[in-house]
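Use these hints to put chain B onto chain A, whose structure you have.
Each chain, written out:
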Amino acid sequence: MGVPQVAASRGGRIPGEAGVWFFILGDMVMFGLFFTVFVYYRAADVELFAAAQHSLNQTYGALNTLLLLTSSWFVVHAVESARGDHAPRARALLACAFLCGLGFLVVKYFEYGEKIRAGLTITSNDFFMYYYMLTGIHLLHVTLGMGVLAYLWQRLRGGTQLGAHMSALESGASFWHMVDILWIVLFALVYLMR
Amino acid sequence: MNTRNQLLCAWCGVAFAILFTLGFWPLSHFMPPPSPNASALDVATMYREHTNQIRLGLLVMMGASGCILPFAAVISAQMKRMEDGPSVLSYLQLASGALGVVFFIMPCLLWSIAAFRPERDAELIQLMNDAGWMVFLMPFTTFMVQNIAIGLAVLGDRSTQPVFPRWVAYLNFWVAVLFLPGGLLTFFKTGPFAWNGLFAFWVPFVVFFTWYVVMFALLRKGIIAQAQPAGAR
Chain A
0 MGVPQVAASR GGRIPGEAGV WFFILGDMVM FGLFFTVFVY YRAADVELFA
50 AAQHSLNQTY GALNTLLLLT SSWFVVHAVE SARGDHAPRA RALLACAFLC
100 GLGFLVVKYF EYGEKIRAGL TITSNDFFMY YYMLTGIHLL HVTLGMGVLA
150 YLWQRLRGGT QLGAHMSALE SGASFWHMVD ILWIVLFALV YLMR
Chain B
0 MNTRNQLLCA WCGVAFAILF TLGFWPLSHF MPPPSPNASA LDVATMYREH
50 TNQIRLGLLV MMGASGCILP FAAVISAQMK RMEDGPSVLS YLQLASGALG
100 VVFFIMPCLL WSIAAFRPER DAELIQLMND AGWMVFLMPF TTFMVQNIAI
150 GLAVLGDRST QPVFPRWVAY LNFWVAVLFL PGGLLTFFKT GPFAWNGLFA
200 FWVPFVVFFT WYVVMFALLR KGIIAQAQPA GAR
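Heads up: the protein sequence lines correspond to chains A and B, in order. 165 is the number that numbering that gives the first Met the number 0 gives to position 166 of the first sequence; each next residue is one higher, with no gaps. 148 is the number that numbering that gives the first Met the number 0 gives to position 149 of the second sequence; each next residue is one higher, with no gaps.
Simulated from the structure, these hints should not be mistaken for lab results. Some hints here could point you the wrong way.
[As the list claims (entries may be wrong)] Now the stretches of chain B that chain A is said to cover, found in silico as 3 or more residues with beta-carbon under 8 Å:
(1) 169-175
(2) 181-189
[To be verified] Subject to a maximum C-alpha distance of 30 Å in a straight line, what follows is the list of computed BS3-like cross-link-like pairs (lysine-lysine):
(3) B:Lys-79 with B:Lys-220
(4) A:Lys-107 with B:Lys-188
(5) A:Lys-114 with B:Lys-188
[Said to hold, decoys possible] Calculated from the model, a selection of chain B residues having no Cβ within reach of chain A, i.e. all distances over 10 Å:
(6) Thr-50
(7) Arg-80
(8) Tyr-90
(9) Val-100
(10) Pro-117
(11) Val-134
(12) Leu-151
(13) Ala-226
(14) Pro-228
Given the structure is predicted, the values throughout are model-derived calculations rather than measurements. A virtual CB, placed ideally from N, CA and C, is assigned to each residue, including glycine.
For reference, chain A alone in the conformation it holds in the complex (with noise of 0.2 Å):
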């Protein structure tokens, strides 16, 4: 019933509806240029950067990586599951992807709590400028994907007839799995890169 929508050649089918990805790609380009102006402004005051770096809490971006990454094998999993019609558990699934985000906005509410209360915030220096603004967009886009996963979770609860929702299924996991490779970017780059 779903199936029929299928490309004939697998190997040439996007995930989720094409639209998306217009989105998806967008987000990716914007994000590539944050990356690209905090890399650049960085090299042209690595002492600064680097010394400031220093006061950024690594097992909370260490956590939060982790907690990202789980999420985003639970969601491969409720897409999975809900393929094969099991829809309970893919709403399971697709809970424990959402407590996974929750517990990143979590942490993040520990870390800028820490930053703040020793004086660190946004107007401190050029580097918390790009730590709070690059980490603050993210937030938005982890909280944005929440919504959707709710959503998704909400649009399963009839049970059956899955196949007509795989498209919005794949659509909003490509989503969330942006936004995990877009923290994987960030961390390397704000928290890890000497």
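This is chain B only, laid out in the frame that chain A set:
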């Protein structure tokens, strides 16, 4: 089908884009935008040296801004075709689109006030200049709401021949996201997030006018398609 009036409204969008850029660029001396880090004296000097040019440019910009309204109206007219029942998203687009006009007209007035008495204290001119730029580039909310409304309507279009292709929804969502960094110019006097920076000015500027061009092309197509005899729909 009111084709002629709809097309007229759509062309107003083109008029806005061209006239506003004309007023902004060669006339007002606002391209590239003066740095928020400039001294009060530098800002005052700019207004004192180019007074009448700035005043004229601002008039053109303000007049052009009126053309935003018909454009918003025709977008809603087409959105109504996408919505089943009470066309709440069309109302939302109209409301937010109309409200957005304020953030084009107000800055022109504030800058005009700066240019009104150039012999004023430099600090006061700088204050009005600040006010103009912040009112111009900081408000992202109404524009985001407008774009999201359009996107949601396009996604919800269940007709056999959708008014707009589905990628238009995602384009609008992307545009909405790109307006976001503008709000943060409140924190910065230099760098890419200041009001003359890459993310607060240049990206929104390019994206905003590209959106106008793309939406115009789509609207024109949609309006003409609507005018086709019922069998073709």
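We went through each hint and held it up to the structure:
no. : hint                     : result
1   : 169-175                  : holds (count 4)
2   : 181-189                  : holds (count 3)
3   : B:Lys-79 with B:Lys-220  : 16 Å, holds
4   : A:Lys-107 with B:Lys-188 : 26 Å, holds
5   : A:Lys-114 with B:Lys-188 : 22 Å, holds
6   : Thr-50                   : 34 Å, holds
7   : Arg-80                   : 19 Å, holds
8   : Tyr-90                   : 23 Å, holds
9   : Val-100                  : 26 Å, holds
10  : Pro-117                  : 32 Å, holds
11  : Val-134                  : 21 Å, holds
12  : Leu-151                  : 12 Å, holds
13  : Ala-226                  : 26 Å, holds
14  : Pro-228                  : 29 Å, holds
Checked against the numbered hints above, the structure breaks none of them.
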